[in-house]
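Engineer: First to last, the sequence lines map onto chains B, E, A, S and H. Residue 1 is where the first sequence starts when you use the working numbering, and the numbers rise one by one after that. Residue 1 is where the second sequence starts when you use the working numbering, and the numbers rise one by one after that. Residue 1 is where the third sequence starts when you use the working numbering, and the numbers rise one by one after that. Residue 1 is where the fourth sequence starts when you use the working numbering, and the numbers rise one by one after that. Residue 1 is where the fifth sequence starts when you use the working numbering, and the numbers rise one by one after that.
One or more hints might be untrue.
[Unchecked claim] Chain A is faced by these chain E residues, among others (derived, beta-carbon under 7 Å): (1) Trp-49; (2) Leu-51; (3) Ala-53; (4) Ser-55; (5) Ala-59; (6) Ile-62; (7) Pro-138; (8) Trp-143; (9) Ala-146; (10) Thr-188; (11) Phe-225; (12) Asn-237; (13) Phe-238; (14) Gly-241; (15) Thr-242.
[As the list claims (entries may be wrong)] Ranges of calculated distance between the beta carbons of each label pair, as one might list FRET restraints: (16) E/Trp-106 - H/Arg-93: 26 to 32 Å; (17) E/Ser-67 - A/Lys-245: 26 to 32 Å; (18) A/Glu-144 - B/Gly-48: 41 to 47 Å; (19) A/Gln-208 - E/Trp-106: 36 to 42 Å; (20) E/Trp-49 - S/Asp-169: 55 to 61 Å; (21) H/Asp-42 - S/Glu-133: 32 to 38 Å.
Hints listed in this document are in silico derivations from the structure and should not be mistaken for laboratory results. Each residue gets a CB set at the ideal place from its N, CA and C atoms; glycine is no exception.
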Amino acid sequence: MTHPTPTPGRASDALSRVAASPFRLARPRGTRLHLLLAPAFGVLLLAGWWLLAESGRYAAFIVPPPSSVAQRWWRLVEDGSLLRHTAVTLREVVSGLVIGVAAAFWLGYLIAKNRIAAYTLTPYLVALQAVPIVAIAPLLIIWFGAGIASKVIICALLVFFPMLVNTILGVRSIPTELRDLMRSLEATPLQTFWHLEMPAALPILIGGLKVSATLSVIGAVVGEFVSASAGLGYLINFGRGTYDTPLVIAAVFTLTALALLLYGLAAWLEAVLLDWQDAG
Amino acid sequence: MTHPTPTPGRASDALSRVAASPFRLARPRGTRLHLLLAPAFGVLLLAGWWLLAESGRYAAFIVPPPSSVAQRWWRLVEDGSLLRHTAVTLREVVSGLVIGVAAAFWLGYLIAKNRIAAYTLTPYLVALQAVPIVAIAPLLIIWFGAGIASKVIICALLVFFPMLVNTILGVRSIPTELRDLMRSLEATPLQTFWHLEMPAALPILIGGLKVSATLSVIGAVVGEFVSASAGLGYLINFGRGTYDTPLVIAAVFTLTALALLLYGLAAWLEAVLLDWQDAG
Amino acid sequence: AYLRAREPEPAPMTPVTLFMSYIPSVQFAHVYVAAERGYFADEGIDIHFENGFNEADGVERLASGDLKFGLISGEQVILARAQGRPVVYVYEWYEHYPVGIVAPQGSGIVAPSDLAGKVVGIPGPQGASYTGLRALLKAGGLTEDDLAELRSIGFTAPENVCEGAVDASVVYVANEPLTIEQQCFPVDVMRAADYAPLVANGLVTNEQIIREQPDLVRGMVRAIDRGVADVIADPDAAFQIAVEKYVPDLPAEQYATQRQVLDNSIALWDSTGGLTTLDKWQTTQDLLIEMGLLAAPLDDLAACFDMRFLPERDG
Amino acid sequence: MTGNADERGSPAPGAPEAAILAAQGISHVYENGSGLVRALDDVSLALPAESFVCLVGPSGCGKSTLLRILAGLIPPTAGQVLLDGQPILAPQRRIGVVFQQANLMPWRTVAENISLPLELAHVPPEEIRQRTEAMLDLVGLIGFARAYPAGLSGGMAQRVAIGRALIHDPEVLLLDEPFGALDALTREQMSGELLRIWARHRKTVFMVTHSIPEAVLLADRVLVMSPRPGQIIGDFAIPLPRPRSLALLHEPAFVALTEQLRRCIRSA
Amino acid sequence: MTGNADERGSPAPGAPEAAILAAQGISHVYENGSGLVRALDDVSLALPAESFVCLVGPSGCGKSTLLRILAGLIPPTAGQVLLDGQPILAPQRRIGVVFQQANLMPWRTVAENISLPLELAHVPPEEIRQRTEAMLDLVGLIGFARAYPAGLSGGMAQRVAIGRALIHDPEVLLLDEPFGALDALTREQMSGELLRIWARHRKTVFMVTHSIPEAVLLADRVLVMSPRPGQIIGDFAIPLPRPRSLALLHEPAFVALTEQLRRCIRSA
Ligand SMILES: Nc1ncnc2c1ncn2[C@@H]1O[C@H](COP(=O)(O)OP(=O)(O)OP(=O)(O)O)[C@@H](O)[C@H]1O
Ligand SMILES: Nc1ncnc2c1ncn2[C@@H]1O[C@H](COP(=O)(O)OP(=O)(O)OP(=O)(O)O)[C@@H](O)[C@H]1O
Ligand SMILES: [Mg+2]
Ligand SMILES: [Mg+2]
């Protein structure tokens, strides 16, 4: 926990507060005003967009006005197609995220704990990250079919690496002293995992999860770009193919909402699991 | 530092060693055998590939034998085109990496230190990650031209997020006690940055850098997929267009070598800057 | 003999970037030849080529003025204009729509009606491939529902056909069937162009250029047309120019194949001087409407193309 | 070796081979970036069952190193540690350790930190609750059961660590300056508690301390270590009768023993 | 307040308002997950310039909290701290702090940790080198200049922290149990050094300690704090002549003072 630097007049101010109630907090909680910052900034961005569209600097087909995007989005909602495409993408995202994060976690754990695994696997895992999906698209489609499986795999591939690196980082950052404590208590590997490694590595793990959750959305979309007939990525491609810029933007906004949702879940997990970080 | 668990017979064994030289290390250095693990695994993978290609299960243009890829690669080397394309991609990668990592670092630092920035910017930075490059490719090219600039921007965009998240994580993980120490010494913000925040956050920062460095390669390639007439991404596309699978694989291998190089640099940086972690 | 309106004094060279939505390829031999033989320079044009990989990107940039010229598929012009993009087709390069459906020889898929109950691969339900497919289905009296499955497979048709993952697949007829035949087995190809006259690739610019720089448009059209004529007249020389200077990454062992690709392409080209006709556009528009890609007919379909810049040419 | 455990009715400690925990010819060399540090040089000692042995010595002489080696946490460069005559290959739950740093898990509350050893030993939850409660009481932290370590004072954290080491009732206790961060009063209370536990539950205690009076007050035997490389240079039996009280502090026998020890340390 | 600084030839300390550092009506309340903790309750004190004041009190009573508030590191819930009569708004370099934990930077060697304050004050490198060397000598760590904190014993780390606080020669020293992890001998050496520095450089020292004899041996004045919420319940002038030596330990005046203090603490 950090303490704000005292400001002039603060002490006497605090004095009077305490006089009234001796059990006041040392650090009074702030108001909830900060929650308005992001929406306020959003309104600003929206206004900027609107001005740009109105200025005539760009043709309406390149920078369409927010209103036309809103209309298009509403149409998508009404005819149910937004829900359908979002559901498809969401399924790919969730499956890909779960598979990718799980694989990264276990491999990362293995690598962090086992030098042989580290020396053997690391170069190949790094190399794998540099393989463009399109280059292996034919194999992916032949092996996993043109259905959801290939998209899930692509998403999992994208999600894998940040989680892997942060897992290794997190597990390696655990203080030796606490490991010694667990050893002196004859903790089993499983107990060490649950009672020491997981909680100690958690902050860094969740950092990795945040990156992965955000990337997973793009992962599914990349998969849909390779081949798809439904999903938000398909919708974007379709919009581009029919020069329907409002549709493209509406789909992109839906995607970003998905990413924010997943990121928000990770942040919520962080807040719940790491409440000890700001206690005391 | 970790101590290996003692194994049977080890104590007396150590005894005789010390008898010979009382200044032997407590933890004798291992041999360099571990450096052979990765190549050995590589040979295994190569053998698997070769078997798959020889089996005749897939047509040669789907799974070409390693030999034809090697030949193709060698021809690319001989006629100088590999060097040319690699140089193009490398320039994009390095510029994109530098810009993306620098931007992520400064923004991450700002967000870690300033709650207003955190609440205002975070949702938009997350949302930005979910915007597929292809959806904004025309705008990027209109704004940055079809030359190297747009590829660099795309690479920077891809590289940005993992570095951002790890910067925030790293700066926030700095113990309050050390901050208090710096405050009690009236350290300026710049001094706090250089003498406390940078070194303390470094392990996590380098974790982010490792992910970013690896992703940067893909970033440049994605940029080249949008439009290009040189670079390894272009070469991959060209190979796909002419069903020259050995060319595709040769280019992918060169890409992975690039990624390994960058990752290796980050790992080397880690070893040099964090030598204190395994001293003592 | 070419009629040239030479200006009194040589004007400064105008730099022009020509957008092509594919990798450098012998299929673009005509512009390579025109560049190599100075046809662009003759028109005062300093030509540059840009290889993008998405046609829609190119159209957007043409419409915004970021690009002046591109080699673009005709139905894209209709779709783009429907959404307010002021792009115009000024020269027909492909007379025949380059999309078709390929199936292993002996599988009995030789006519559109044979597709009923089959699994057909397609890059995705959009773009030129989809247009071609729909034209063929329509000719066979089928709808998508008559297929066992229309499977989106991206640009992996040869792999999927060779592996037998699909019964047939939508392809670009100039090169993909060739790949399958060389790598796997003989195939039958049905060309969309044989069943429906659709507008195919041509030179596209925007209304502002036409308004403000008509001479530039005329020059581009003329240079490209000379290139087309040269390639048709002497494909071997054109091929040589293309592979030596413009497609340097093509290895020699691919020359034979690519030479065949060039021939296949030329067979689709417009050998008549770049003229397109309204009925082709009408057919294409009808098909697009039927496909649901176009909500309603364009107010002025004829505005999609502008044939005023065509040079006179001896057949 | 002098037996002072009479008041507990235990047998007099026997020869070294009867020791519950013994170190034989322990040497240890560290590497620290700039060179080698010889921490221990041929240290042997034996802890008879149910004895209370204190170790004193100058800062940095290798006391903590020896304690960690005895705990099985680091393999010595040379020599071996025997538990019940068997070389130990890994840390044993029978040996409880209090580290020099409190070493708490920041994500666990005070109560959860204290109950950790019981959880790991699969003690039933209800019993855990009761024993934790009792231990919280013993270390004087009842009101802080649900506080996190970040909100503890230095001394409170150290008391949590002591509670954690005692709760699962290990036979042997290795304590590394357990009372270093405690004020005189709390220190007296805690060491009183320790003595009571030792006497009642027949434990073997090996304790590093900085306080000579404390060592004399608590131990059967005080070992003195030389400056680095650490060697045992003094082994003093403390023949004071038990139970001992603070009143001893001013008795001549006590003062003489502390003076003797002080001289031994100073001479090193 | 009793002046014992005569031997240093300094003026007798004046009234509280002449104090270099003063606390007025300090109260502090923490929040810790499960509730509020009243750490300090209306504490006032004044440190006359060049005085040596010790603070003793039970574990967890708020000593470290008071020290951090005096250092300007945490703003108190109520009350204010005056440095030279001015309220302090932020930590001052004039005030040197030794924290209860060694608080070293693990990426800096021993020498680099000690020289940190000089680096931050832009002292020329050559001077840094010399003063660091001298300080390494003073804290007895010459041979460990290039070791990293991970390779130090508990006491060695604490000595590094002491060296770091002394090296930039701050006017006021706030020390939180600086000798807690040191053995008796080193402790005596280090406190002797501290006294010498205090006398020679005319510093003001405020020190939290757990050892009553140490407080009496070093201080002009010893403050006693009550259990939480901390209040100053005793303020003892130590009228022993200076320079003082360990021989004092057995003098009746000394014993009487310690007994008096002990009783005060016990009564709290
Ligand atoms: N992990 C380590 N790496 C390198 N050297 C170490 C390590 N731990 C301890 N040392 C060195 O070993 C010597 C003995 O350290 P140890 O911690 O055993 O001392 P100690 O007797 O416990 O001292 P103190 O009373 O100060 O705690 C010291 O010189 C120290 O620098
Ligand atoms: N950061 C914090 N958050 C919440 N409570 C705290 C915090 N720091 C200290 N406390 C509480 O304040 C009280 C006083 O703590 P402080 O560290 O000042 O005690 P102390 O007198 O220094 O004790 P010790 O001698 O054990 O070091 C304790 O009850 C402690 O639990
Ligand atoms: Mg120690
Ligand atoms: Mg304290």
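Engineer: If you check each hint against the structure, which ones fail?
Structural biologist: The structure breaks hints 1, 2, 3, 4, 8 and 10; every other hint is satisfied.
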